[in-house]
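2 protein chains.
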Amino acid sequence: MRKFEEVTTESKEIFKGKIVHLKVDTVTLPDGNTSKREIIKHPGAVAVIAQKEDGKIIFVEQYRKALEKSVVEIPAGKLEEGEDPLVTAKRELEEETGYTTDNLQLINSFYTSPGFADELVNVYFTDQLTKLEHNVAGDEDEFVELMELTLEEAEQLEKEQRIHDAKTSYALLYLKIRGLK
Amino acid sequence: MRKFEEVTTESKEIFKGKIVHLKVDTVTLPDGNTSKREIIKHPGAVAVIAQKEDGKIIFVEQYRKALEKSVVEIPAGKLEEGEDPLVTAKRELEEETGYTTDNLQLINSFYTSPGFADELVNVYFTDQLTKLEHNVAGDEDEFVELMELTLEEAEQLEKEQRIHDAKTSYALLYLKIRGLK
Chain A
1 MRKFEEVTTE SKEIFKGKIV HLKVDTVTLP DGNTSKREII KHPGAVAVIA QKEDGKIIFV
61 EQYRKALEKS VVEIPAGKLE EGEDPLVTAK RELEEETGYT TDNLQLINSF YTSPGFADEL
121 VNVYFTDQLT KLEHNVAGDE DEFVELMELT LEEAEQLEKE QRIHDAKTSY ALLYLKIRGL
181 K
Chain B
1001 MRKFEEVTTE SKEIFKGKIV HLKVDTVTLP DGNTSKREII KHPGAVAVIA QKEDGKIIFV
1061 EQYRKALEKS VVEIPAGKLE EGEDPLVTAK RELEEETGYT TDNLQLINSF YTSPGFADEL
1121 VNVYFTDQLT KLEHNVAGDE DEFVELMELT LEEAEQLEKE QRIHDAKTSY ALLYLKIRGL
1181 K
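These protein sequence lines are chains A and B, in that order. The opening residue of the first sequence carries number 1 in this note's numbering; numbering runs sequentially from there. The opening residue of the second sequence carries number 1001 in this note's numbering; numbering runs sequentially from there.
Hints were generated in silico from the structure; no laboratory data involved. Quantities reported herein were computed from a predicted structural model and do not represent experimental measurements. Among the hints, erroneous ones may be present.
[Stated by the list, open to error] Calculated pairs, BS3-like style, for lysine-lysine (alpha carbon to alpha carbon, straight line, at most 25 Å):
| no. | chain 1 | residue 1 | chain 2 | residue 2 |
| --- | --- | --- | --- | --- |
| 1 | A | Lys23 | B | Lys1012 |
| 2 | A | Lys16 | A | Lys41 |
| 3 | B | Lys1041 | A | Lys23 |
| 4 | B | Lys1056 | B | Lys1003 |
| 5 | A | Lys69 | B | Lys1041 |
| 6 | A | Lys65 | B | Lys1036 |
| 7 | B | Lys1069 | B | Lys1159 |
| 8 | B | Lys1069 | A | Lys65 |
| 9 | A | Lys12 | B | Lys1069 |
| 10 | A | Lys12 | A | Lys69 |
| 11 | A | Lys181 | B | Lys1069 |
| 12 | B | Lys1041 | B | Lys1181 |
| 13 | B | Lys1056 | A | Lys69 |
| 14 | B | Lys1159 | B | Lys1056 |
| 15 | B | Lys1003 | A | Lys36 |
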């Protein structure tokens, strides 16, 4: 048995959506008591830290319904079923930014909300970008605007909470350290 | 109208749980088309980057049912309704680690999964810790184990994916930069 493992005695599916599934598991705790766990199943995601030759970083601004505001993020997107995250990363970069690359390095992967969700984000870095001649059509219900910013400009947007999500804040620290080396 | 705003035309509540609520909103997109947004409402959370006088950082290991594994994270917890995040942060630190402080600095706040959830994590830093004489009882369905690690040890756990969540990976970069200054 793994440390502090919670053994499922019942699993109730509540909702199967286009993106998230919700289930409620009844579990036996390490002390023998019972509890409930509300769990969101998510297909996983990718994010790309993309730095141009001039040092500027590529961001996209989009409206996030869950937050009821527009935020500035590094390019990112959900995995399609069975898709290699590297393929997703290249596709999302192309669709959202009009840039492409054959040089994506996986720098980390992390769960975004381990308390209630299994969403895992694979984070890639590239500094070898080529502008596509023709735009690639993305999801028809996604409206994004490209932004190219210096790290200092991005840090200012973070102070103003226009950059306001975990993967993008992570990316800014990553780039800061990279710049110090 | 805010940039790319998606106007809600219908909101359907699917589930009201102990921790998460799930709703599906029907929205009008900027181009006039209609789409659905699956949205998780979460009370918000705090996390504490706690560094001892000897430089070691405080972590807790716990089983995360959503991931079906134990992971090592910085101390964290959900907000109670109407609670000041600073109060939550101090309480979670005391309950999960047996340390306390009156010196918590808010260093950042970020949404963990802006694509589908409104969970906002407030991240605090402290390097002024006092060991409590008596343990404080935490949530009865939470089992955590205290770990005190150097940054290098923690980075090794991250490589092994025993540290595997966004706020903790963020914390490691934050501490690395702090150490470089």
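Quick rundown of the hints versus the structure:
A distance of roughly 18 Å separates the Cα atoms of A:Lys23 and B:Lys1012; the hinted pair therefore holds under the 25 Å criterion. Of the pairs offered as hints, the one joining A:Lys16 and A:Lys41 holds, with about 9 Å between alpha carbons and a cut-off of 25 Å not exceeded. Pair hint B:Lys1041 plus A:Lys23 holds up; C-alpha atoms about 15 Å apart against a cutoff of 25 Å. Our distance criterion of 25 Å between C-alpha atoms is broken by B:Lys1056 and B:Lys1003, whose separation comes to about 44 Å.
Distance hint between A:Lys69 and B:Lys1041 is fulfilled; the C-alpha atoms sit about 15 Å from each other, no more than 25 Å. Under the criterion of a C-alpha separation no larger than 25 Å, the hint pairing A:Lys65 with B:Lys1036 is consistent with the structure, at around 10 Å. Of the pairs offered as hints, the one joining B:Lys1069 and B:Lys1159 holds, with about 16 Å between alpha carbons and a cut-off of 25 Å not exceeded. Simply put, B:Lys1069 and A:Lys65 have alpha-carbon atoms about 31 Å apart, too far for the 25 Å limit, and the pair is violated.
For the hint pairing A:Lys12 with B:Lys1069, the CA-to-CA distance comes to about 20 Å; that is within 25 Å, so the pair holds. The suggested pairing of A:Lys12 with A:Lys69 is violated, with an alpha-carbon distance near 33 Å, which exceeds 25 Å. A C-alpha spacing of about 35 Å is found between A:Lys181 and B:Lys1069, which places the hinted pair above 25 Å, so the restraint is violated. Restraint check: the Cα-Cα separation between B:Lys1041 and B:Lys1181 comes to about 38 Å, which exceeds 25 Å; the hinted pair is violated.
Annotation: proposed proximity of B:Lys1056 to A:Lys69 is violated, straight-line Cα distance about 38 Å (limit 25 Å). Taken as a hint, the B:Lys1159 and B:Lys1056 pair is honoured in the structure, with Cα atoms around 18 Å apart against an allowance of 25 Å. Restraint check for B:Lys1003 and A:Lys36: the C-alpha separation of about 40 Å exceeds 25 Å, so the hint is violated.
When each numbered hint is compared with the structure, violations occur for hints 4, 8, 10, 11, 12, 13 and 15.
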